[in-house]
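**Student:** Below are the chains, spelled out letter by letter.
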Amino acid sequence: MGDRRTTGEKIFAVFNTIFLVILAVVFILPVWHVAMSSISDPDVLQANSQLALKPLGEATLGGFKFVLDNPNILRAYGNTVIYVAGATLFAMAITILAAYGLSRKDLFFRKPLLFLLTFTMIFSGGLIPTYMIVRNLNLIDTMWALIIPGTVSVYNIIVMRTSFAAIPDALTEAAKIDGAGHLRILFQIVLPVSKAVLAVIVLFYAIKNWNAWFNASIYLQRRRDLFPLQLTLREIILQTSNNSIVSENSDPTAIDRFRPLVKYCTIMISIIPMLVIYPFVQKYFVSGVMIGSIKG
Amino acid sequence: MPTATAAKPKTIQTAKAADELKARKELEKKDRNRLIRRDLKQNYAVYLMLLPVIAYFIIFHYLPMGGIAMAFQDFSFRLGFLGSPFVGFKHFLAFFNSIYFFRLLKNTLLLSMYGLLISFPVPIILALLLNEVRNQRFKKTVQTISYLPYFISVVVVVGILQDFTKSQGLLTQLSVLLGGDGGNLLGKPEAFRALFIGSNVWQHIGYSSIIYISALSGIDQELYEAAKIDGAGRWKQTLHVTLPGLMPTIVILFIMRLGEVMTLDYEKVLLMYGPSTYQTADIIQTYVYRIGLQNGDYSYATAVGLFNSLINFIVIFIANKISQKVGETSLW
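Quick note, the sequences are listed as chains A and B, same order.
Taking the UniProt record's numbering, the leading residue of the first sequence gets 1, the next gets one more, and so forth.
Taking the UniProt record's numbering, the leading residue of the second sequence gets 1, the next gets one more, and so forth.
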């Protein structure tokens, strides 16, 4: 094939390859910088804020030890795991129920119900009224505030509905004749044949909740012990506050010395799960995007 | 036929027609009622399953819409939703007359427009470039790497951005080459939009290109063969086969993007901005956050938020009208 190309095309191919390699470096570089900084010598790091292509000074895992010994960061990590599990479970339950109901073609009120959901995609009460509802429901300063409000996505419901609607009627009709109710049809027929879309939507929800910080910042006001990792990270990164890394057994001089290192190490422990899973799950993401692009 | 019916005596015909219409309507109503009854009998289990869904959306989406009433009140917690005094359009007028109104509107619109102009075409270009790569392993590797930033949280992205914009940071050093003074870039109002949109592109380009890449792989290979036989080189093929093949996807995604042009990622703005960059960085939604949740001026903030929601709604409505005309597809 290659010999049939014109000189111009060959030159283009070379430049294209070079450009894409540079682009790949640009995608990785920021994460690489954080990774290398996280194993740098704390004293060198403090005096230096340049790009870290390799560990600055002697490589050390001291920062990670400091972070993993820190009860505040560990607790935030645990909270995040609870929020991700809880919010994903809750959102999946609502999403599956909605998708199943709205995929029934014989449902008389299907259209108005679908409108009830999709209208919320184009108009909302806004930040303050939503906050007021959450407050009136007494969810402020509880873990539920990060599990229930704002976790269900209409987009995901539509993606799943499209996928459910594509299941051949013959499958569900046969079950109906055998006397199966809707709940049984859902659990024994629809869900088992929809594993791919379920995996995709679980991923969408889990990643969204792992990375979320804003709702926590407005709904958790007096309960620092309920902070998710992202909110603790925000304090460490952006507000340069010591609140998150101080604990009763820590020594203040060590904190000042370790602060820049703690930032990088905390970022690393927050993104390592993502870095580990993403090469394996990215193909599901691709299929999720594709299902979403087919209009049901 | 129409002339024949017109020749008949008019009054009798209309009376008859009205009777028929009435009868049919009654029948339809009966049919409808029967249909609904049958539906409820047959599908009550489905409706029961939908009940939590409906409850969720009413509580967390429609009740807040009702809460918009606060925008027309002087809301206070002491008096509550029902007891707070009604003040009409006071808060809206105050916002329109405020010194911040034009700055907020301008910042919101500019950030949206620049975002659309830059973030929209970039994934298409990436997909086209990847499409030209012949080595499939290299292509797959670059693609996989390009998704990486999508998995990183916005808090971390802004944290890294902060590093890169310090006076010794990489981006600051690059800006010096372009004539910058080498100061902290994140604190400069003139750099805000570029940093915001640039980091958005970095984070979303790979993910957004997925849909174009698969549209490209769906183009009929025979078209390329035919073009080759006609003597078209790679560039001509791109122009006459690839781009036309990609066009329907581009049009649909553009219209969808138009629909969310006003929904800026204000959470990211909140992480990035500061008093020194309010001049270009403060947008309507961050203003709502500050005056509402930080200053506790709930009613005024709700009014400002409603203004933003309404503009957004109008833009989506127009985008949908355009899409019905152009793409024969509708957003809803």
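Careful, some of the hints might be misleading.
What the hints assert, rightly or not - Here are the simulated EDC-like pairs of lysine to aspartate or glutamate, each with C-alpha atoms no more than 20 Å apart in a straight line:
1) A:Lys111 to B:Glu260
2) B:Lys90 to B:Glu267
3) A:Lys195 to A:Glu9
4) A:Lys176 to B:Asp39
5) B:Lys29 to B:Asp19
6) B:Lys236 to A:Glu9
7) B:Lys166 to B:Glu132
8) B:Lys41 to A:Asp178
9) B:Lys236 to B:Glu260
10) B:Lys228 to B:Asp74
11) A:Lys195 to A:Asp169
12) A:Lys208 to B:Glu28
13) A:Lys10 to B:Asp31
14) A:Lys105 to B:Asp31
15) B:Lys41 to A:Glu9
16) B:Lys30 to A:Asp178
17) B:Lys139 to A:Asp106
18) A:Lys208 to B:Glu267
As the list claims (entries may be wrong) - What the simulated footprint calls covered on chain A by chain B, stretch by stretch (three residues with Cβ under 8 Å from a Cβ of chain B suffice, anywhere in the stretch; the number is not a length):
19) 62 to 74
20) 91 to 100
21) 161 to 167
22) 201 to 209
Bear in mind the hints are in silico, worked out from the structure with no lab data behind them.
Glycine included, each C-beta is placed from N, C-alpha and C at the ideal position.
**Student:** Is the hinted pair B:Lys139 and A:Asp106 satisfied, with a Cα-Cα distance of at most 20 Å?
**Tutor:** 45 Å, violated
**Student:** B:Lys90 and B:Glu267: Cα distance at most 20 Å?
**Tutor:** 28 Å, violated
**Student:** Holds or violated: B:Lys29 and B:Asp19, Cα atoms, limit 20 Å.
**Tutor:** 15 Å, holds
**Student:** Are the Cα atoms of A:Lys208 and B:Glu267 separated by 20 Å or less?
**Tutor:** Cα-Cα ~13 Å, so holds.
**Student:** Against chain B, does the region 91 to 100 of chain A show at least 3 residues with beta-carbon separation below 8 Å?
**Tutor:** holds (count 5)
**Student:** If you count the residues of the region 201 to 209 of chain A with a beta-carbon closer than 8 Å to a beta-carbon of chain B, do you get 3 or more?
**Tutor:** violated (count 1)
**Student:** Between B:Lys166 and B:Glu132, is the straight-line Cα distance small enough, at 20 Å or below?
**Tutor:** 37 Å, violated
**Student:** Within 20 Å, alpha carbon to alpha carbon, are B:Lys30 and A:Asp178?
**Tutor:** The hint is violated at about 32 Å.
**Student:** With a cut-off of 20 Å on the C-alpha distance, tell me whether B:Lys41 and A:Glu9 pass.
**Tutor:** Not OK: B:Lys41 and A:Glu9 at ~67 Å, beyond 20 Å, violated.
**Student:** Are the Cα positions of B:Lys41 and A:Asp178 separated by 20 Å at most?
**Tutor:** This hinted pair holds, its Cα atoms lying about 18 Å apart.
**Student:** Does B:Asp31 lie within 20 Å of A:Lys105 when you go C-alpha to C-alpha?
**Tutor:** Measuring from Cα to Cα gives roughly 19 Å; hence the hint holds.
**Student:** Given the hint that B:Lys236 pairs with B:Glu260, does the C-alpha gap stay at or below 20 Å?
**Tutor:** 34 Å, violated
Consistency with the previously given hints fails for numbers 1, 2, 3, 7, 9, 10, 12, 13, 15, 16, 17, 19, 21, 22, ordered from lowest to highest.
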